[in-house]
Amino acid sequence: MSKYIFVTGGVVSSVGKGIATASIGKILKSGGVAVSVLS
629 MSKYIFVTGG VVSSVGKGIA TASIGKILKS GGVAVSVLS
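Position in the sequence shown counted from 1, then plus 628, gives you the numbering used here.
Derived by calculation from the structure, the hints in this document are not laboratory data.
Accuracy of the hints is not assured; some may be wrong.
[Said to hold, decoys possible] Derived Cβ-Cβ restraints for the label pairs, each shown as a range: (1) Gly660 / Val639: 17 to 23 Å; (2) Ser642 / Ser664: 26 to 32 Å; (3) Ile655 / Ser630: 16 to 22 Å; (4) Ser641 / Leu666: 16 to 22 Å; (5) Phe634 / Ser658: 29 to 35 Å; (6) Ala650 / Ser630: 28 to 34 Å; (7) Ala662 / Val639: 19 to 25 Å; (8) Val635 / Gly659: 26 to 32 Å; (9) Val639 / Gly659: 26 to 32 Å; (10) Lys657 / Met629: 27 to 33 Å; (11) Ser667 / Val639: 24 to 30 Å; (12) Lys657 / Phe634: 27 to 33 Å; (13) Ile652 / Met629: 27 to 33 Å; (14) Ser630 / Lys654: 29 to 35 Å.
Bear in mind that the values here come from a model prediction, so they are computed numbers and not experimental data.
All C-beta atoms in this analysis are idealised placements derived from N, C-alpha and C, irrespective of residue type, glycine included.
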């Protein structure tokens, strides 16, 4: 079953959202979760 995490925000810059998404993905991968990032 697929689960999704959405990173949104009007005030946060695109670079900030990219860093946040990469950090969340890295944490999940270290826990053994398969991660795919879509933009």
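So, going through the hints one by one against the coordinates:
| no. | hint | result |
| --- | --- | --- |
| 1 | Gly660 / Val639: 17 to 23 Å | 33 Å, violated |
| 2 | Ser642 / Ser664: 26 to 32 Å | 19 Å, violated |
| 3 | Ile655 / Ser630: 16 to 22 Å | 18 Å, holds |
| 4 | Ser641 / Leu666: 16 to 22 Å | 19 Å, holds |
| 5 | Phe634 / Ser658: 29 to 35 Å | 21 Å, violated |
| 6 | Ala650 / Ser630: 28 to 34 Å | 20 Å, violated |
| 7 | Ala662 / Val639: 19 to 25 Å | 31 Å, violated |
| 8 | Val635 / Gly659: 26 to 32 Å | 18 Å, violated |
| 9 | Val639 / Gly659: 26 to 32 Å | 29 Å, holds |
| 10 | Lys657 / Met629: 27 to 33 Å | 18 Å, violated |
| 11 | Ser667 / Val639: 24 to 30 Å | 19 Å, violated |
| 12 | Lys657 / Phe634: 27 to 33 Å | 18 Å, violated |
| 13 | Ile652 / Met629: 27 to 33 Å | 19 Å, violated |
| 14 | Ser630 / Lys654: 29 to 35 Å | 19 Å, violated |
Hints 1, 2, 5, 6, 7, 8, 10, 11, 12, 13 and 14 from the list above are not met by this structure, while the remaining hints are.
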